[in-house]
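Here UniProt numbering is used: the first residue of the first sequence is 1, the next is one more, and so on.
Honestly, the hints are just simulated from the structure, not real lab data. Just so you know, not all the hints are guaranteed correct.
To be verified - List of simulated lysine to aspartate or glutamate pairs, EDC-like, C-alpha gap at most 20 Å:
#, residue 1, residue 2
1, K352, D253
2, K69, E84
3, K416, D257
4, K615, E655
To be verified - Estimated spans, in silico, between C-beta atoms of each pair:
#, residue 1, residue 2, range
5, K319, N690, 58 to 66 Å
6, E576, R406, 50 to 58 Å
7, S524, E610, 26 to 34 Å
8, N690, N135, 41 to 49 Å
9, L699, L143, 36 to 44 Å
10, K643, K303, 16 to 24 Å
11, A348, N690, 50 to 58 Å
12, G654, E684, 32 to 40 Å
13, W502, L561, 29 to 37 Å
14, L687, D582, 17 to 25 Å
A virtual CB, placed ideally from N, CA and C, is assigned to each residue, including glycine.
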Amino acid sequence: MDVQIEDSEKAKQIVVLLIGPPGSGKSTFCDSVMRSSHRPWSRICQDIINNGKAGSKAQCLKMAIDSLKEGKSVFIDRCNLDREQRSEFIKLSGLEVEVHAVVLELPAQVCISRSVKRTGHEGNLQGGRAAAVVNKMLQSKELPKLNEGFSRIMFCYNDADVENAVNTYSMLGPMDKLPSGCFGQKNSDTKSQLGIMKFFKKVNTLPGSSSNETTEATRKANEKTENSRVSPTKHGSADIVHTLAFPSISTADFQFDLEKASDIIVEKAEEFLPKLGTARLVLVDLSHGSKILSAVKAKASRKNIDSARFFTFVGDITKLHSEGGLQCNVIANAANWRLKPGGGGVNAAIFKAAGPDLEAATRARANTLLPGKAVVVPLPSTSPLQNAEGITHVIHVLGPNMNPNRPNYLNNDYTKGCKSLREAYTSLFEGFLSIVQDQSKFPKRSNPAAVPDSSENIEDDSERNKKFKGPQDMAVASNLESGSVEDTRDSGKKMSKGWSSWALALHSIAMHPEKHENVVLESSDDIVVINDQYPKARKHLLVLARQQSLDGLEDVRRENLQLLQEMHSVGLKWVEKFQNEDSSLIFRLGYHSVPSMRQLHLHVISQDFESDNLKNKKHWNSFTSSFFRDSVDVLEEVKSQGKANVESEDVLKGELRCNRCRSAHPNIPKLKTHVRSCRSQFPEHLLHNNLLLARPERLDE
DNA sequence: GTTCTAGAAC
DNA sequence: GTTCTAGAAC
1 MDVQIEDSEK AKQIVVLLIG PPGSGKSTFC DSVMRSSHRP WSRICQDIIN
51 NGKAGSKAQC LKMAIDSLKE GKSVFIDRCN LDREQRSEFI KLSGLEVEVH
101 AVVLELPAQV CISRSVKRTG HEGNLQGGRA AAVVNKMLQS KELPKLNEGF
151 SRIMFCYNDA DVENAVNTYS MLGPMDKLPS GCFGQKNSDT KSQLGIMKFF
201 KKVNTLPGSS SNETTEATRK ANEKTENSRV SPTKHGSADI VHTLAFPSIS
251 TADFQFDLEK ASDIIVEKAE EFLPKLGTAR LVLVDLSHGS KILSAVKAKA
301 SRKNIDSARF FTFVGDITKL HSEGGLQCNV IANAANWRLK PGGGGVNAAI
351 FKAAGPDLEA ATRARANTLL PGKAVVVPLP STSPLQNAEG ITHVIHVLGP
401 NMNPNRPNYL NNDYTKGCKS LREAYTSLFE GFLSIVQDQS KFPKRSNPAA
451 VPDSSENIED DSERNKKFKG PQDMAVASNL ESGSVEDTRD SGKKMSKGWS
501 SWALALHSIA MHPEKHENVV LESSDDIVVI NDQYPKARKH LLVLARQQSL
551 DGLEDVRREN LQLLQEMHSV GLKWVEKFQN EDSSLIFRLG YHSVPSMRQL
601 HLHVISQDFE SDNLKNKKHW NSFTSSFFRD SVDVLEEVKS QGKANVESED
651 VLKGELRCNR CRSAHPNIPK LKTHVRSCRS QFPEHLLHNN LLLARPERLD
701 E
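Start from the sequences and build out the full structure, keeping to the hints where you can.
Structure follows, in structure tokens:
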């Protein structure tokens, strides 16, 4: 196995800023690490720096510099709660050291009670005063961000997190380096990082060994997955670890430059891993001497990409499980534009191994493929590839061609070529992501034979959910569902993106409007218009996108721009119609940042909010706060930056403010009473940016 | 997403 | 006592 050798042979010192109020356990943290670490550490504690008495920040800095000169790594043991307090320590990174932060975000009560007890001895802060001090400090707290200059930040919210962090640093030998980035922060995707934490716990560092040790971690992870016959790693419940095995696109027959290709593979893997939860990406090649594999492996290692979730593998992509012991549920095919078998290489091998079923299933989805595009094909359960290898989906992907003897030769134009190859990997990984998300809401099939023949459903595996006839039938549908599917579903609702049964009604209508004639107001190839079943205002429509795998605003990309424009103009048309009937109506068109129901839908909603269905804070704030993203703004953002900004769900819990005068109200009934009579002007930004759709005279009242 | 309801807030 | 919210269950 060729292991990437770090270019710096020198031991990399680190400065670790502990961040937390008194009583959060900063000193204990340092002591625990220093007790078992093989790396020389110096703890710089402002409380005792002056011969056991408290000193100044400047003294701490000086001592830090001295310690670094002696070759020690440094803990800065002071509160470091706000950005300004931290800034001078971060500047130490100029001395060729990495600056890390470990954030001890323990409950304030815990810190207070600890610091009350402790300061009891020292006579420093007594009882209630300690509480007041801690509370005051916490008020001015600013959580650290990478852009302050940290190369790594770890957040700890409880004792287990702290233990994890202690282990991570204890295990760190003099030559080791930790992955950069932000780890463990709540409200962001932390799942991927847990893997790393667990993993570092296991690594035995050998002090003073060769420089290779920097990638000891990487190597072990690879060994684990490459050489032993591993069954898919289980994460908590019964769900499988989704794994996509893919060949390098365009670098074989299409003769794409290997250096450029490997850059793009690593770049795209890095981009998608955080979105993929625990799922894994595996670059596969047949030969041991594969240049593309070693290039990718080296680059991934240099970027500190989690090697348990993105790695390379030598083997036949059609026999990964049976011959390589690697369980993958999805494989990518370097397809030809006709999506036909043959040609040689991976394409021929996959079609051959999958049998005629794959061709039929492919044909049901697409006849041809453009460079840069991918198509996800569920593999029929009858296919030997599913039975023998556990493959449930094949994703055909077509890359750019640099070979003059093949069609659509790009004549060495690598500007176009790189763009197209990036697009190809984006399409491929997005296809995989859609599979991961679709299946995260269902338990693994216990009996593959019971799966409906997927060559027939253009849908996906959630086809069984199409028992829904629409929102009206939800109660019935969920009765039918209960038992077999329901009980193993995530109960902790924390799953990255699992759609519960009730959330699929819109998707169902968008896919089969003909089955919902009673609710569909208008439909075309691209959109369906329905009344919101629980209107939150006098007029409240939804314009549904019909395209697959556009679940919500977060999935929207530049290629969906035309669709968004159509949705917008359909919305406008209905506004026009409603205003012809009642010229006092004022509308906004927009999307929820994070929708509760699957399938991208545009809300067309009048701004009176006169509705008995508007019952709670979430309802109100989802239409009147920044959580509601105006269609106009979304279009602009997608046009200029390729995707739309989304607001965090946290704002839904914010206070209740009038949508016109922005006055705050204590509860929903009082708010509604106020809103009924408020005649103030709408907020400036809505008026100014033409986000309100009203007949001219109606906004001047 | 909605419904239901315990218990917090008044 | 009544009103209202927030969380669980669906």
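Against the structure, the hints:
The hinted pair formed by K352 and D253 meets the criterion: a straight-line CA distance of about 18 Å does not exceed 20 Å. Taking the CA atoms of K69 and E84, the gap is near 25 Å; set against the 20 Å cutoff, the hint is violated. Between K416 and D257 the CA atoms are separated by roughly 13 Å; this keeps the pair inside 20 Å, and the hint holds. Annotation: proposed proximity of K615 to E655 holds, straight-line Cα distance about 15 Å (limit 20 Å).
Between K319 and N690 the CB atoms are about 59 Å apart, so this pair conforms to the stated range of 58 to 66 Å. Taking 50 to 58 Å as the suggested C-beta distance range, the pair E576 and R406 conforms, at roughly 51 Å. Here the CB-CB span from S524 to E610 is close to 30 Å, well matched to the stated 26 to 34 Å. For the pair N690 and N135, the supplied restraint of 41 to 49 Å holds, since their beta-carbon distance comes to about 45 Å.
With their beta carbons about 41 Å apart, L699 and L143 fall inside the hinted range of 36 to 44 Å. Between K643 and K303 the beta carbons are some 23 Å apart, a value that agrees with the proposed interval 16 to 24 Å. A C-beta distance of roughly 56 Å is found between A348 and N690, which places it inside the suggested range of 50 to 58 Å. Between G654 and E684 the Cβ separation comes to about 19 Å, which falls outside the hinted range of 32 to 40 Å.
The supplied range of 29 to 37 Å is met by W502 and L561, whose beta-carbon atoms lie about 30 Å from each other. Restraint check, L687 to D582: a C-beta distance of roughly 21 Å satisfies the suggested window 17 to 25 Å.
In summary, the numbered hints that this structure violates are 2 and 12.
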